[in-house]
Amino acid sequence: MEVLKFILQKEFRQIFRDKIILAMMFVMPTVQLIIMPFAANFEVKNINVAYVDNDHSSYSQRLVEKIAASGYFKIVSSPQSYKEGLKMIEKGDADLVLEIPLGFERNLVREGLQEVNMAVDAINGTKSSLGGAYLTNVIADFNSNLDVNIKASKSVVQGQAATIEIANSNWYNPHAEYKYYMVPGILVLLLTMIGGFITALNIVKEKEIGTIEQINVTPIKKWQFILGKLIPFWIVGMIVFTVGMIVMYIVYGIFPEGSLLLLYLFAAVYLIALLGLGLLISTLADTQLQAMFIAYFFMMVFMLMSGFFKSTDSMPGWARIISQCTPVTHFITVVRLIVLKGSSFQEVKLELLYLIGFAFLLNSLAIYNYRKTA
Amino acid sequence: MIAVSVKNIVKSYGNVSAVDDVSFDVKKGELFGLIGPDGAGKTSIFRILTTLLLADSGTATVAGFDVVSEYQQIRNRVGYMPGRFSLYQDLTVKENLTFFATIFGTTIQENYTLIKEIYDQIKPFNDRRAGKLSGGMKQKLALCCALIHKPDVLFLDEPTTGVDVVSRKEFWEMLAKLKEQHITIVVSTPYMDEARLCDRIALIQGGKIMSIDEPAAMVKNFPKTLFAAKADNIYRLLEDLRSDPSIESCYAFGEYLHLTLKSDEDHKDAIFAVANKYSPANLVVEKITASIEDSFIRLMRDRAITKEFNQVNDGK
Numbered sequence: 001m002e003v004l005k006f007i008l009q010k011e012f013r014q015i016f017r018d019k020i021i022l023a024m025m026f027v028m029p030t031v032q033l034i035i036m037p038f039a040a041n042f043e044v045k046n047i048n049v050a051y052v053d054n055d056h057s058s059y060s061q062r063l064v065e066k067i068a069a070s071g072y073f074k075i076v077s078s079p080q081s082y083k084e085g086l087k088m089i090e091k092g093d094a095d096l097v098l099e100i101p102l103g104f105e106r107n108l109v110r111e112g113l114q115e116v117n118m119a120v121d122a123i124n125g126t127k128s129s130l131g132g133a134y135l136t137n138v139i140a141d142f143n144s145n146l147d148v149n150i151k152a153s154k155s156v157v158q159g160q161a162a163t164i165e166i167a168n169s170n171w172y173n174p175h176a177e178y179k180y181y182m183v184p185g186i187l188v189l190l191l192t193m194i195g196g197f198i199t200a201l202n203i204v205k206e207k208e209i210g211t212i213e214q215i216n217v218t219p220i221k222k223w224q225f226i227l228g229k230l231i232p233f234w235i236v237g238m239i240v241f242t243v244g245m246i247v248m249y250i251v252y253g254i255f256p257e258g259s260l261l262l263l264y265l266f267a268a269v270y271l272i273a274l275l276g277l278g279l280l281i282s283t284l285a286d287t288q289l290q291a292m293f294i295a296y297f298f299m300m301v302f303m304l305m306s307g308f309f310k311s312t313d314s315m316p317g318w319a320r321i322i323s324q325c326t327p328v329t330h331f332i333t334v335v336r337l338i339v340l341k342g343s344s345f346q347e348v349k350l351e352l353l354y355l356i357g358f359a360f361l362l363n364s365l366a367i368y369n370y371r372k373t374a
Numbered sequence: 001m002i003a004v005s006v007k008n009i010v011k012s013y014g015n016v017s018a019v020d021d022v023s024f025d026v027k028k029g030e031l032f033g034l035i036g037p038d039g040a041g042k043t044s045i046f047r048i049l050t051t052l053l054l055a056d057s058g059t060a061t062v063a064g065f066d067v068v069s070e071y072q073q074i075r076n077r078v079g080y081m082p083g084r085f086s087l088y089q090d091l092t093v094k095e096n097l098t099f100f101a102t103i104f105g106t107t108i109q110e111n112y113t114l115i116k117e118i119y120d121q122i123k124p125f126n127d128r129r130a131g132k133l134s135g136g137m138k139q140k141l142a143l144c145c146a147l148i149h150k151p152d153v154l155f156l157d158e159p160t161t162g163v164d165v166v167s168r169k170e171f172w173e174m175l176a177k178l179k180e181q182h183i184t185i186v187v188s189t190p191y192m193d194e195a196r197l198c199d200r201i202a203l204i205q206g207g208k209i210m211s212i213d214e215p216a217a218m219v220k221n222f223p224k225t226l227f228a229a230k231a232d233n234i235y236r237l238l239e240d241l242r243s244d245p246s247i248e249s250c251y252a253f254g255e256y257l258h259l260t261l262k263s264d265e266d267h268k269d270a271i272f273a274v275a276n277k278y279s280p281a282n283l284v285v286e287k288i289t290a291s292i293e294d295s296f297i298r299l300m301r302d303r304a305i306t307k308e309f310n311q312v313n314d315g316k
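These protein sequence lines map, in sequence, to chains A and B. With the working numbering as the guide, the letters of the first sequence map in order to residues 1 to 374. With the working numbering as the guide, the letters of the second sequence map in order to residues 1 to 316.
FYI, nobody ran anything at the bench for these hints, they're computed from the structure. A few of these clues could be false.
Claimed, not checked - Straight line, CA to CA, 30 Å or less: simulated DSBU-like cross-link-like pairs of lysine-lysine:
#, chain 1, residue 1, chain 2, residue 2
1, B, K132, A, K207
2, A, K205, A, K91
3, B, K169, B, K132
4, A, K205, B, K224
5, B, K150, B, K177
6, B, K169, A, K5
7, A, K19, A, K222
8, A, K19, B, K132
9, B, K268, B, K224
10, B, K268, A, K10
11, B, K177, A, K205
12, B, K132, B, K220
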């Protein structure tokens, strides 16, 4: 125990001496937490629309006005022909081209039917699919409010269809704001970085510089060395988590709905699992560069598969299975549940079991591998 | 009393044999040198003895403990200074020293007398980070850290490689003083001139020990009379003498050529007679006493000839 105390003393001394790493550990997450949710926003606004009005009627004018008034679209120009409109898409000046054909108003009034042409730039998948859907909605709405339709439905009773009106309300995130989805995710990301990667780099550094050799010829036992590495980063991780929570409260006004204690319990177990991953990486790599790349590989998998950006429910089956096999997925789920929904222990205890399982598995693997190599 | 005993140690990395059936003993309080070029297997032997590496076969004991089964005891009793500086560069001189003292359950004060002379030289830089020290200072710090727990046996792996001449000299003086404190020291070096500062040396090449003896005895046992020769065109002289049937060996050594005759002739006139056949300008010949390096080169040559002979025999 004495020895462990001295090792810890040394580790903390080194951590606080490396100003760049220290700044990276505390400033980077804070900055990320402040900037990313604002920048990474999946609500689509400011879709640039170019319309080709071949009709120049009051109806076509009203449709365009309605589109402009919806708040999602910005009318950028009204080219003379569809061809010109497509050129604008090519140049990137417009995301959408709406072509209103000649006889738009006449056909609507006389025949009750008229087609319009919509061309969407599909380079940006989200923007195009959402933009297209928004525009279709706007047109449908315009359609139902047309004088001809209102009149028609009154006069022709048998033609009236029963309609179901849908009223939405978003629970746990009433305004469906992306930041509420994103912020807890970033919090998880912080712990992942500290737990998994900085630890790995730190241990590999000892290998690279050769200090591990010097340590190995002393009476320090392996478990003392490993604990000496894990405990400081566990503590640092918990501090960073706390800093993150404070930022979350001050900047976004998000305070966990559920129990703080429960949240910390999960963070503590999750960190142990990730420290195990860090240790495992350190047994695989001989240089910090190698460790960086292995860590980066895991990071990408975690980021893309864990439901950090996107809900895992929309993934194909095989991807959902992979997603379930990363501890990050479970922790992100739980953080969102506790922070936004206020879930209690009963509702998340299965996730805790998962995380304990990961902690156990990763640490055993790491220790097994560590014994083999050293 | 035997401090270090090595018996038939073998270690290979894949197909490369790093240590090939090496055996030697180091007496207590002795300054023992492993002398050999880079890649001779010195570091592998050190790593086996300091319990960092497992040998493929063979046994070894350090301070009476087996390197495999009793490695924990050994780790309490040896000091190891690897060839590469491997202390914490981001800790200060004092922090490094304190750290290594505490993990051995001791303090700087307790063994201060042992390191005093060395430590006094770096004490002014107590608060400087180890990474910012000069090469010679780093080496002194490393030696202090290896000594701080008063080890029975001190292993120094190429401590003077890459160190300037003055620091090298100082370092060997420090070793001589440590020897007075009855610490057994095993040191490796590629520099032959340092060999004579050891009590006994083992010449090692290609993972095999070629000879173990006191430096003076090794030189004395040089079997032939050694001559040094030089002329204006030294390269031509080397070529000519090498091709001459009466010359046994001839190699460049500083500004001279060192050569031995096949016959037992021990007067320099014999060399003059041979060399003048090629009429070199300004020929100088002297009879000299062999150095460790001459012994080493001779042993290497003998081994190469034996190997060739064996290969030819095996071929038949």
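Hinted pair K19 (chain A) and K132 (chain B), Cα distance within 30 Å: holds (17 Å)
Hint consistency between K19 (chain A) and K222 (chain A) [alpha-carbon to alpha-carbon, up to 30 Å]: holds (28 Å)
Pair hint outcome, K169 (chain B) versus K5 (chain A) [Cα-Cα no greater than 30 Å]: Distance of about 39 Å is beyond 30 Å: violated.
30 Å Cα cutoff - pair K268 (chain B), K10 (chain A): At roughly 65 Å apart (the allowed maximum being 30 Å), K10 (chain A) and K268 (chain B) break the hint.
Pair hint outcome, K150 (chain B) versus K177 (chain B) [Cα-Cα no greater than 30 Å]: Judged against 30 Å, a Cα distance of about 14 Å means the pair holds.
Hinted pair K268 (chain B) and K224 (chain B), Cα distance within 30 Å: Given pair K268 (chain B), K224 (chain B) holds - Cα atoms ~13 Å apart, limit 30 Å.
Holds or violated: K132 (chain B) to K207 (chain A), with C-alpha atoms at most 30 Å apart: holds (20 Å)
Restraint check for K205 (chain A) with K91 (chain A), where alpha carbons must lie at most 30 Å apart: violated (49 Å)
Agreement of K169 (chain B) and K132 (chain B) with the hint, judged by alpha carbon distance not exceeding 30 Å: Holds - the C-alpha atoms of K132 (chain B) and K169 (chain B) are around 23 Å apart, at most 30 Å.
Pair hint K177 (chain B) and K205 (chain A), alpha-carbon separation not exceeding 30 Å: violated (35 Å)
30 Å limit on alpha-carbon distance, applied to hinted pair K132 (chain B) and K220 (chain B): violated (45 Å)
30 Å limit on alpha-carbon distance, applied to hinted pair K205 (chain A) and K224 (chain B): Since the Cα atoms of K205 (chain A) and K224 (chain B) sit roughly 53 Å apart, the hinted pair is violated (cutoff 30 Å).
Comparing the model with each numbered hint stated earlier shows that hints 2, 4, 6, 10, 11, 12 do not hold.
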